[in-house]
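Using the sequences plus the hints, can you model the full thing?
Using UniProt numbering, the first residue of the sequence shown is number 1, and each one after it goes up by one.
Straight-line distance between alpha carbons at most 25 Å, and here's what the computed SDA-like set of lysine to any residue pairs gives:
id, residue 1, residue 2
1, Lys119, Val132
2, Lys155, Gln233
3, Lys226, Trp159
Hints listed in this document are in silico derivations from the structure and should not be mistaken for laboratory results.
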Amino acid sequence: MEYLFTTVPGLEDFVIEELAERIPTSRAWGVYMTGRVVAEVGAGAAELFRLKTVERFGIFLGDGYAEDLRGVVEIAQRHLAGSLRYLTRFTTVGVRCERVGQHGFTSRDVEREVGKWFKESGYTISLVEPDVEVNVDVVERYVAVWITVAKRSLKDRPWRVYEHYASLNPIIANAMVRLARPKPGETVCDLTCGGGTIVAEAAELYPHVRYLCVDISLRHVKGAVKNTAAFPQVDVLWFDSTKLHRAVRPVCDKFVFNPPYGFRIPERVGRLYRLLGKAMRRLARGCATYVVITPRHKTFISQVGGELLFRRVVYQGGLYSHIIAGEICQ
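Shown next, in the form of structure tokens:
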């Protein structure tokens, strides 16, 4: 069966990678920066709920490209005609539209027009807890039509007891650790760990690695201890990371973290990045790889230095950020 999987825009290839690792998949493809991946998988829905790079998923009906509301509705009607086999006259239907980009119409317009088509076909529309939820997603010109299977978000992790006010999406954390690819016996350091999202996600993915989670806020450190309680390979430390090299010998083989980016105080962020870079050089065991996410990537690169390996763009919370990877040496 063909399923559609949603993820963070810019991380579509990580969904395909995880599917290849864990699920029998005959083919998979994604449209870059749409956060949508379609795959024909040989597994039931129960197995798909365990995916870590996916937010929601459902039965894929079809897709296309449209310039206006009329085009979107036509694509939806064409692909939904085949979905009627999933419905009975007693089935309630809900229409949901997730829209990204600049359009001359709203998500409500799409939901209203597609809902009207269902009503005219003799089905009952429900705005609250429908039996079947139909999705018509519009990302720029791309339109994807699918039926929800996973109504709850898969990014809600069971280990997350403490919620940091600016916690990183665990799907992004998973991708960042995959990019770092730590080896057994190495130590991964998160210098601004907050509630411990990155190290908790990493400890599940790479259990034979040691993790050091450091934050200057005692409240967040206490939260990180709760979030990583199930992972004995994680050490949590309350300390100023810019001065950590004064107390800890060089132990870091990889750095994976989400530093503050503070648009309101850009001069302080530049200084923070410079001090973090200095600490990273002192903490690195020889040469160390770093993987960082920030919308201030130019500032980070200029202040931290080292060799830039690659960068990629992701879209989260209405903001384009960059995942950057580099190498820094003592």
